[in-house]
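In terms of UniProt numbering, the sequence shown opens at residue 1 and continues consecutively.
One thing to keep in mind: the hints can contain errors.
To be verified - Listed below are the simulated EDC-like cross-link pairs for lysine to aspartate or glutamate, each with C-alpha atoms no more than 16 angstroms apart in a straight line:
1. Lys-298 / Glu-322
2. Lys-357 / Glu-322
3. Lys-357 / Asp-346
4. Lys-342 / Glu-352
5. Lys-117 / Asp-74
6. Lys-357 / Glu-369
7. Lys-357 / Glu-347
8. Lys-357 / Asp-425
9. Lys-342 / Glu-217
10. Lys-357 / Glu-390
11. Lys-342 / Asp-425
12. Lys-342 / Glu-322
13. Lys-298 / Glu-317
14. Lys-357 / Glu-181
These are calculated hints, taken from the structure and not from any lab test.
Owing to the predicted nature of the structure, the values given are computational and were not obtained by experimental measurement.
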Amino acid sequence: SQAKPSRDGIANLGANPANSSPLTPLGFLERAATIFGDCPSVIYHDTVFTWSQTYRRCLRLASALVSLGISRGDIVSHMFPLSSILHMPRVCASFNTINTRLDARTVSVLLLHAGSKLVLVDQGSLPLIRDALRLLPPGHPAPRVIPVEDPHDESPAETLTYETLLETGDPEFAWVRPLSEWDPMVLNYTSGTTSAPKGVVHCHRGVFLIVLAWLVELAVPPRPTYLWTLPMFHANGWGFPWGMALVGGTNVCITRVTAATVYAAIARHRVTHLCCAPVVLNMLANAPEVARQPLPGKVRVLTAGAPPPAAVLQRTEAIGFEVSHGYGLTETAGPVISCTWKREWDELPETERACLKSRQGVRTLSIAEVDVVDAETGRGVPRDGSTMGEVVLRGGSVMLGYLNDDAAIRDGWFYTGDVGVMHPDGYLEIRDRSKDVIISAGENVSSVEVESVLYGHPAVDEAAVVARARSTVVFRADLPGKIQKYVLRNLAVEMGPTHRGSSSKM
1 SQAKPSRDGI ANLGANPANS SPLTPLGFLE RAATIFGDCP SVIYHDTVFT WSQTYRRCLR
61 LASALVSLGI SRGDIVSHMF PLSSILHMPR VCASFNTINT RLDARTVSVL LLHAGSKLVL
121 VDQGSLPLIR DALRLLPPGH PAPRVIPVED PHDESPAETL TYETLLETGD PEFAWVRPLS
181 EWDPMVLNYT SGTTSAPKGV VHCHRGVFLI VLAWLVELAV PPRPTYLWTL PMFHANGWGF
241 PWGMALVGGT NVCITRVTAA TVYAAIARHR VTHLCCAPVV LNMLANAPEV ARQPLPGKVR
301 VLTAGAPPPA AVLQRTEAIG FEVSHGYGLT ETAGPVISCT WKREWDELPE TERACLKSRQ
361 GVRTLSIAEV DVVDAETGRG VPRDGSTMGE VVLRGGSVML GYLNDDAAIR DGWFYTGDVG
421 VMHPDGYLEI RDRSKDVIIS AGENVSSVEV ESVLYGHPAV DEAAVVARAR STVVFRADLP
481 GKIQKYVLRN LAVEMGPTHR GSSSKM
């Protein structure tokens, strides 16, 4: 008779060359070219590429970059506002997206810190890049600049542009695969809102996991139509460039994010999905009728980047958008917490549903654990929905670390710097950044909570609450007294007594 395998034999089995291929999202594009080759991959105005064309263009780019001396371990920076999957790295150089809204001095600091060897830049950002290069220290090698042409821009072409570079590349190039799934893949910089920008490095494995997590969380079907309102410098578009490749989606790109352009693109291309910050949701909810167009069908929206006010979620869903809410950071490659909806919540009143949806939620498959802890002891706080602590995370989408900087890892956890509460049902709710909590008369006041109340008024387009001694709130002249009274009605009792003074003081 055949011998049964021993327990020791099973325990000795493990990784081998056949089952340990590195996890990487780069293979998604090759798969898309095979399955969805004739389907549109990118639409920008009247320019359309198929997945087969996109794949060949990426191979040409990789080949051309090698001819320019770019190799494994180098950093290639990218600076233009259009979110496009045409520029995915395939030579195992690390890909660095730079915020197009930064000034020349900050861009110069980032290029110096990253050690970029090459910069892909659109014509509109070219003067900014040139100013940044002039600010580099004397004798420091400047990265090579390759302008990316806009077919709808009549600016004069440079000597070597992106398209002319592609013409030199090989469409049959054998793209370079990572040696390990832990190899660095992308370098992003934090916004620097509470400190100097930090260089966040993510590996192939982490990006792979976050891509799968949101395709599952949003139940994204094959061949969706995705509208880019989210910049690539926001944690690589939260992984959706690679996600759209995996499911053969169509990426619709627009030049400017306004209510009119978003509604027009949704109607024209029958958009099914988009990602955006809550401020964009508010823009869509408050858009004048002349800018709106009827939605052609269900449009699923993932919003993250800041806690979305319940009032904004309520107004947006009343239009017909189906909003999902996530939470994450640059250090987690995008949202890793999702306010996963429970069917029993459908029976609740509209205002209660909006409040529940404004919570950050529970972990996605890319994160192993999430907790709220006392910042001093490191112990978890009670799950009562009111005791605040610092949000900590650990799991596959947490960064490899900061480039040339100290890591924020303590006791096996990534400390986010965000203050939140954990509800009895295990759902996380962010209350503030730890450095933004306002201390008034010994009480902790959440700036996010005050902002949420402000957003509840339909006259408010954007709100930001900061602490400042003896600060004065300045109101728009064309709204005398309305916002002041609205805020005081909603928060005066909760936040305690205010000092007497002029009507413009809170």
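A quick look at each hint next to the structure:
This hinted pair checks out: Lys-298 and Glu-322 have alpha carbons roughly 7 angstroms apart, not beyond 16 angstroms. For the suggested pair Lys-357 and Glu-322, the alpha carbons sit about 11 angstroms apart, so the restraint of at most 16 angstroms is met. The straight-line distance between the Cα atoms of Lys-357 and Asp-346 is roughly 11 angstroms, inside the 16 angstroms bound, and the hint therefore holds. Between the alpha carbons of Lys-342 and Glu-352 the distance comes to roughly 13 angstroms, so the proposed pair stays at or under 16 angstroms and holds.
In summary, the hint linking Lys-117 to Asp-74 is supported, as the alpha carbons are separated by about 7 angstroms, within the 16 angstroms threshold. A hinted pair counts as satisfied when its Cα atoms are at most 16 angstroms apart, and Lys-357 with Glu-369 does not qualify at roughly 21 angstroms. Distance hint between Lys-357 and Glu-347 is fulfilled; the C-alpha atoms sit about 14 angstroms from each other, no more than 16 angstroms. Taken as a hint, the Lys-357 and Asp-425 pair is honoured in the structure, with Cα atoms around 14 angstroms apart against an allowance of 16 angstroms.
With a C-alpha separation of about 13 angstroms, the suggested pair Lys-342 and Glu-217 falls inside the 16 angstroms cut-off, and the hint holds. Distance restraint check for Lys-357 and Glu-390: the Cα-Cα separation of roughly 21 angstroms exceeds the 16 angstroms cut-off, and the hinted pair is therefore not satisfied. Of the supplied pair hints, the one linking Lys-342 and Asp-425 holds, its CA atoms being roughly 11 angstroms apart against a limit of 16 angstroms. Between the alpha carbons of Lys-342 and Glu-322 the distance comes to roughly 14 angstroms, so the proposed pair stays at or under 16 angstroms and holds.
Proposed proximity of Lys-298 and Glu-317 is supported: the alpha carbons are some 11 angstroms apart, at most 16 angstroms. For the suggested pair Lys-357 and Glu-181, the alpha carbons sit about 35 angstroms apart, so the restraint of at most 16 angstroms is broken.
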